[in-house]
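Trainee: For reference, the chains in residue letters:
Number of protein chains: 2
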Amino acid sequence: MSNVQKVQDFMEVIKSRRSVRYYDSSVKISREEMTEMLEEATLAPSSVNMQPWRFVVIESPEAKAKLLPLAKFNGNQVQTSSAVVAVFGDLRFTDYAHEIFDKAVELGYMPRDVKEQQLAAYLPLFDAMPVDTKRDSVLIDAGLVSMQFMLVARAHGYDTNPIGGYEKDRIAEAFGLDPERNVPVMLISIGKAEKAGHSSARLNVERTTEWR
Amino acid sequence: MSNVQKVQDFMEVIKSRRSVRYYDSSVKISREEMTEMLEEATLAPSSVNMQPWRFVVIESPEAKAKLLPLAKFNGNQVQTSSAVVAVFGDLRFTDYAHEIFDKAVELGYMPRDVKEQQLAAYLPLFDAMPVDTKRDSVLIDAGLVSMQFMLVARAHGYDTNPIGGYEKDRIAEAFGLDPERNVPVMLISIGKAEKAGHSSARLNVERTTEWR
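Heads up: the protein sequence lines correspond to chains A and B, in order. Each step along the first sequence adds one to the number in numbering that gives the first Met the number 0, with nothing skipped, and position 193 is 192. Each step along the second sequence adds one to the number in numbering that gives the first Met the number 0, with nothing skipped, and position 118 is 117.
One chain only, chain A, in its complex shape (with noise of 0.2 Å):
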């Protein structure tokens, strides 16, 4: 893996991030690298930091041979890829937010007694949500993850592709999630580009802005 280029530059990492279907199948990403940029994709913050994605990393041939017929035209992607990664949003995230606070009382960023406040104000709201403003909430957090580990791929050196056409109402049950819980966002193919991306348009910021 001498050969994947790392990008240090930020400007470069947006630029040249584009969307990879075919990828270099010699190129395995070790079980360390992926955690590490999943460590930094998990920087992004996410509502309360509730942290509510979750992650299938699909990298063996038996998963991937699961996943083949569930990721309709996109095979290339599952077929060359280091791995595929699908990403949910866990509509139960309050099951954590007792270890995630904990966590910032122990590393000293919070003191115990606003974790105590914070836990008793955010709860109840929590609690008394629609299902459906926490799916909202759950599916814009994971945007946000989604978008920083492909980013964090692309300063690895890797590339990636968000992919949408897949069956969503099949994959958390076919790799051992609970489907009531685990709302299905994208699955994201990773590896090193065997072919360039196509450069894609934009529209132009004045058709998608308005200014008050």
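Everything labelled a hint here was simulated from the structure, so no lab data went into it. A couple of the hints might just be wrong.
Label pairs and their calculated CB-CB ranges [what the hints assert, rightly or not]: (1) A:Glu35 - B:Gln7: 15 to 23 Å; (2) B:Trp210 - A:Asp94: 30 to 38 Å; (3) A:Arg91 - B:Ser59: 39 to 47 Å.
Glycine is no exception: its CB is placed at the ideal position from the N, C-alpha and C atoms.
Keeping the supplied structure of chain A fixed, place chain B upon it in accordance with the hints.
Mentor: Leaving out everything else, chain B in the frame of chain A:
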């Protein structure tokens, strides 16, 4: 604004991003630089490159006064920031499909017959898509661009705060957008930090990730 320090290094950008709630209210970001940041942010990918994100840049004292009562307990960010960017997802994103694909053809990124084939394949799929599925898709895509915008802002030397707690039911109409069409995603305050953001803890990767 000579004391706004740009950040070039990618890892420094992601590691120095924090949610900042108090800004130096004397610092105003120019329309030109805000446009540049939105151009950089919208290099983010989206489903079929439909770019369903829409932005309202709330920067005048009058517009901020209108936003303030909608921003609940986030008044400091509204009052001290250079601007607040209200992010929406446009459910009628296909209205822009021909414009996007024509631009790709003009720029030489795509042959005209590929454009025709792709739109002939995708537009009927989008037309047949249930509104809830569209809603999921635009929330995810708007999450992607929001993350890239916050990182771009950091690279330009600014800080941000993603805000989910506001009057989502009233935000579109308040700023002249059609609420049936524009799904509220988040507010992002942006400016030069006056008070540094808090550090916040993250779950270990093993708590959010399964390997297959």
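Trainee: Need the list of violated hint numbers for this structure, in ascending order.
Mentor: 2
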